[in-house]
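Q: Since chain A is already given, all that's left is putting chain B on it; use the hints.
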Amino acid sequence: SQQGEEDPQALSIQEGENATMNCSYKTSINNLQWYRQNSGRGLVHLILIRSNEREKHSGRLRVTLDTSKKSSSLLITASRAADTASYFCATDAHNTDKLIFGTGTRLQVFP
Amino acid sequence: EPEVTQTPSHQVTQMGQEVILRCVPISNHLYFYWYRQILGQKVEFLVSFYNNEISEKSEIFDDQFSVERPDGSNFTLKIRSTKLEDSAMYFCASRAQGLGGELFFGEGSRLTVL
Numbered sequence: 010s011q012q013g014e015e016d017p018q019a020l021s022i023q024e025g026e027n028a029t030m031n032c033s034y035k036t037s038i039n040n041l042q043w044y045r046q047n048s049g050r051g052l053v054h055l056i057l058i059r060s061n062e063r064e065k066h067s068g069r070l071r072v073t074l075d076t077s078k079k080s081s082s083l084l085i086t087a088s089r090a091a092d093t094a095s096y097f098c099a100t101d102a103h104n105t106d107k108l109i110f111g112t113g114t115r116l117q118v119f120p
Numbered sequence: 016e017p018e019v020t021q022t023p024s025h026q027v028t029q030m031g032q033e034v035i036l037r038c039v040p041i042s043n044h045l046y047f048y049w050y051r052q053i054l055g056q057k058v059e060f061l062v063s064f065y066n067n068e069i070s071e072k073s074e075i076f077d078d079q080f081s082v083e084r085p086d087g088s089n090f091t092l093k094i095r096s097t098k099l100e101d102s103a104m105y106f107c108a109s110r111a112q113g114l115g116g117e118l119f120f121g122e123g124s125r126l127t128v129l
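So the protein sequences, as listed, match chains A and B.
In this text, residue positions in the first sequence follow my numbering: the first is 10, and each later residue adds one.
In this text, residue positions in the second sequence follow my numbering: the first is 16, and each later residue adds one.
Take these hints with a grain of salt, some might be off.
Taking lysine to aspartate or glutamate pairs in the EDC-like style, the calculated list, with each CA pair at most 16 Å apart, reads [unchecked claim]:
1. LYS72/B with GLU59/B
2. LYS57/B with GLU14/A
3. LYS57/B with ASP16/A
4. LYS72/B with ASP106/A
Since the hints were made in silico from the structure, they are not lab data.
Chain A with its partners taken away, still in its complex shape (with noise of 0.2 Å):
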């Protein structure tokens, strides 16, 4: 099983809709963020939420955290073209020091 699992595995909507993305993981975090990579691109860091933290928002992206369900999710707002890209969920959690990542969300957003 795996630590942490996105839903859709894909998903496609038209400029100015709203995306949302969630992440399910097993155990007990410290924190989980989330990442973006671009096709063929490296990971870039987009959001962190600690465990402690229930909303988080950064520009366009809100993240929600919900710890007795082991999940969350990621909306982006008014989305752009420029959006297209894969979303993961990282999971940090306890007692070690890497990061486990998500089986990712394909976003698709047409112009």
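A: Here is chain B on its own, set in the frame of chain A:
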């Protein structure tokens, strides 16, 4: 802006050959990582490195893999005898702190094993 740099960007090798992938992490970072991503699939943890030694490794990181930080700036991943299934994108990453910090990734080295 500081960045993680990786070389080569693409390497093609024959099965059984040794490969060394190189990374220059951000200079004041203390924690270093290698991840791999088979085309279009999830990003898999290979190994973490801190204080000049491996701190954690995954099941993928078997005896064919090794890491080194030979000179205080470079961080290398060596695959001794490559297999077809080693074909993947290999990402180096670093961060300033072990817990709670964001990872900074390089652009990756694409390894193709023929």
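Q: Each hint should be assessed against the structure and marked as holding or not.
A: For each hint, the structure was consulted:
1. LYS72/B with GLU59/B: 11 Å, holds
2. LYS57/B with GLU14/A: 10 Å, holds
3. LYS57/B with ASP16/A: 13 Å, holds
4. LYS72/B with ASP106/A: 11 Å, holds
In summary, the structure agrees with every hint in the numbered list given earlier.
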